[in-house]
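Enquirer: The residues making up each chain are set out below.
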Amino acid sequence: MTDDIEKKVYRGRIKVPYKHTAGAYVEKFITEIGKNNKIYGVRCPKCGEVYVPPKMVCFKCFEKMEEWVELGNQGTITGFTVITHSTPVMPLDPPFAYARIRLDGADSDFVHIINEGDPNKLEVGARVAAVFKEKPRKRILDIEYFKLV
Amino acid sequence: MSRKKKGDIFEIKWKTNLPYRWSIGKLAVKFFEELKENKKILGSKCPKCKKVHFPPRAVCAECLVKMTLDDMVELPPRGTLEGFTVVNYPFTDPSTGGIRPFPYGYAIFKLDGADTYTMHFVNETDASKMKIGQRVEAVFNDELVGDLVADIPYFRIVEDEKEGD
Amino acid sequence: MTKHQTAIVGIGQTKFRSKRRDVNIPEMIYEAVRMALDDAQLEPKDIDAILIGNMDHFEGINFSEMWTGIDAAPGYLKPVVKVATGGTTGSSLAICGYHNVASGIYDKVLVIGWEKLNEGGATTGIITAFDPVWERPSLAGALGPLALMAGMYSAKYGITPEQAAKVTVKNRSNAANNPFAHLQMPDITIDYVMSSQVISYPLRLHDCCPQSEGACALIYANETEVKKITDNPAWFHAVETAHYYTFGTDDKMYDLPTATIASKKAYKKAGIKDPINDLDVAEIYEPTSWSELSWTEALGFCKPGEGGKLLDEGITQMSGELPVNPSGGVLSTNPIGATAMVRVAEAATQIMDRGEKRQVPDVERALAMGFGGSLWTELMILGKEPMR
Chain A
1 MTDDIEKKVY RGRIKVPYKH TAGAYVEKFI TEIGKNNKIY GVRCPKCGEV YVPPKMVCFK
61 CFEKMEEWVE LGNQGTITGF TVITHSTPVM PLDPPFAYAR IRLDGADSDF VHIINEGDPN
121 KLEVGARVAA VFKEKPRKRI LDIEYFKLV
Chain B
1001 MSRKKKGDIF EIKWKTNLPY RWSIGKLAVK FFEELKENKK ILGSKCPKCK KVHFPPRAVC
1061 AECLVKMTLD DMVELPPRGT LEGFTVVNYP FTDPSTGGIR PFPYGYAIFK LDGADTYTMH
1121 FVNETDASKM KIGQRVEAVF NDELVGDLVA DIPYFRIVED EKEGD
Chain C
2001 MTKHQTAIVG IGQTKFRSKR RDVNIPEMIY EAVRMALDDA QLEPKDIDAI LIGNMDHFEG
2061 INFSEMWTGI DAAPGYLKPV VKVATGGTTG SSLAICGYHN VASGIYDKVL VIGWEKLNEG
2121 GATTGIITAF DPVWERPSLA GALGPLALMA GMYSAKYGIT PEQAAKVTVK NRSNAANNPF
2181 AHLQMPDITI DYVMSSQVIS YPLRLHDCCP QSEGACALIY ANETEVKKIT DNPAWFHAVE
2241 TAHYYTFGTD DKMYDLPTAT IASKKAYKKA GIKDPINDLD VAEIYEPTSW SELSWTEALG
2301 FCKPGEGGKL LDEGITQMSG ELPVNPSGGV LSTNPIGATA MVRVAEAATQ IMDRGEKRQV
2361 PDVERALAMG FGGSLWTELM ILGKEPMR
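Chains as they are written, first to last, in this note's numbering: chain A, 1 to 149; chain B, 1001 to 1165; chain C, 2001 to 2388.
I should point out that these hints are in silico values taken from the structure, not numbers from a laboratory.
Even glycine gets a Cβ: it sits at the ideal position worked out from N, Cα and C.
Please note: incorrect hints may appear among the correct ones.
Stated by the list, open to error - Quick list of simulated restraints, FRET-style, between CB atoms: (1) 2196(C) with 1062(B): 34 to 44 angstroms; (2) 1037(B) with 119(A): 54 to 64 angstroms; (3) 1039(B) with 2196(C): 38 to 48 angstroms; (4) 1025(B) with 48(A): 15 to 25 angstroms; (5) 2387(C) with 6(A): 52 to 62 angstroms; (6) 2386(C) with 8(A): 21 to 31 angstroms.
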């Protein structure tokens, strides 16, 4: 059976190296996390919404955002799911939670991980706080995870 | 916008490594079977316009008519050079993720009896030794596995023959 | 369905560079979009629909419109559609924009082409566009087949490498007049081109286009809206598309047959009998210097085989009867998803008499060409007055 299928398919790979320019907004965001353990958002001059992670344009108003706002390193869970299966690339050992977190001061949700795998201990509305990595590597996981407080 | 100094660049580097299993279709399955078992090269002939296609395929683009296994025809492993080049610059081969070895000879020719052209490797890296009109012949690997480049790694220029001989 | 007269009313281009390390993808596109909106003096809410395009495998972002249509363009809660057709991406976008407005479905459409080529690699990305079983193992991106074409063209008609080098000299010195062009070389000589390394016989390094990063945006409007926006638009007279076989090698690879077919139809639609006299400027898509000579023949500017003679006689120089590529062409600037659209933007700029140093005098009609895929051709003819 397998031989039969093998004849009918051509096995190939796509292996391409990429180098993405992150841009000034991402660079400042990641640097503040790594160097100062601070999380920043940006505020739209027109509608006043604060977005995190920060980006250049408010998509609702199509305005350039230049006002940086320091957010608290704590927030509230607005949604979550618990990962129990294992794949080769995992930020934490399962079980752990993916969550949408409304950081204090922000108007958009921030997606990250929580080091809690028991769904009974998690709920929408629960408070979490960022735990920063000892040696930052200029990645989003320089916030290693959020923990329940 | 001020130019960033080299040390300031924040680049995110990553490499894809995506596996695929492409279904190749009945005519291609037959092509590779014949290549592996009998060292034969097959094309497909449109039942309507009679155009002989190489590589073989299921649909004639001009007529939009289907070609089946019964429409496959044998082609000789020989052709005439229509164009040639020697690729002499480094680039990443997406199938391997590494740089494809260069320089390599690359040519376009029609297999005798085919109505479409073929592009494939040739074993000459000196452009001055190639000329449009030269005869080329497929060089088969000793062990055939049913893969185009593994089984026919390149075509060789047949030195003493010219088209019309 | 009646056809509406359609015109370009706003143009935006970024200054094209080899690497834009100061911005990420949506930030780069935003520059062109902002420029086009400011040019047309329109608000983001005035745009009815957006068409955006690039070739995903160059950046490795396989659903780019999700990110770029919203963060870089006023696409929030509006129709946003991606068009990706290889080298013709920019011209396909330009033609789709025309279809959307001429059909009466939308009044004002924003069309964006972009590429951040050096985040991946052009040759590597192009190889993944082709058949994995039959073509990928030997294909050398676009330059391999273009080299084969140049060799076949040269052998058939006796075109020399010096004649091809003249094209690079013309285009890259023209580019010195274009503030947006990537490679601007006012003092380039034939010796400079001829002394560059042969990277794929017979193509020398300077016979080939660069890899650029940047974006181009155009705003289209129908005749009712044009009246409210500007008294100096560039009107569409004819659009034509000709696509070819699956494998580029299925038919002859020299003498670009799709350009001959498309140009005959487009000229008929626009009432053009003699391109040299009836057109005032042409922005054609020349990935190599040899290609420009061959395409001028295929487009009917001269007889087959006489492309070299046409250039030698000066007809396609800035001072000639039909200047070709006053912007510098693809040999000077090549951000693949935007390249063909830049041809349209530059043709429109010429019609609107806004070319400044690169302006050709008295432009009434312009031709813009896109080329790519497996030898596809797309053509647009623009005019100062609406077509009657």
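Enquirer: Checking each numbered hint in turn, tell me which of them this model violates, lowest number first.
Expert: 4, 6
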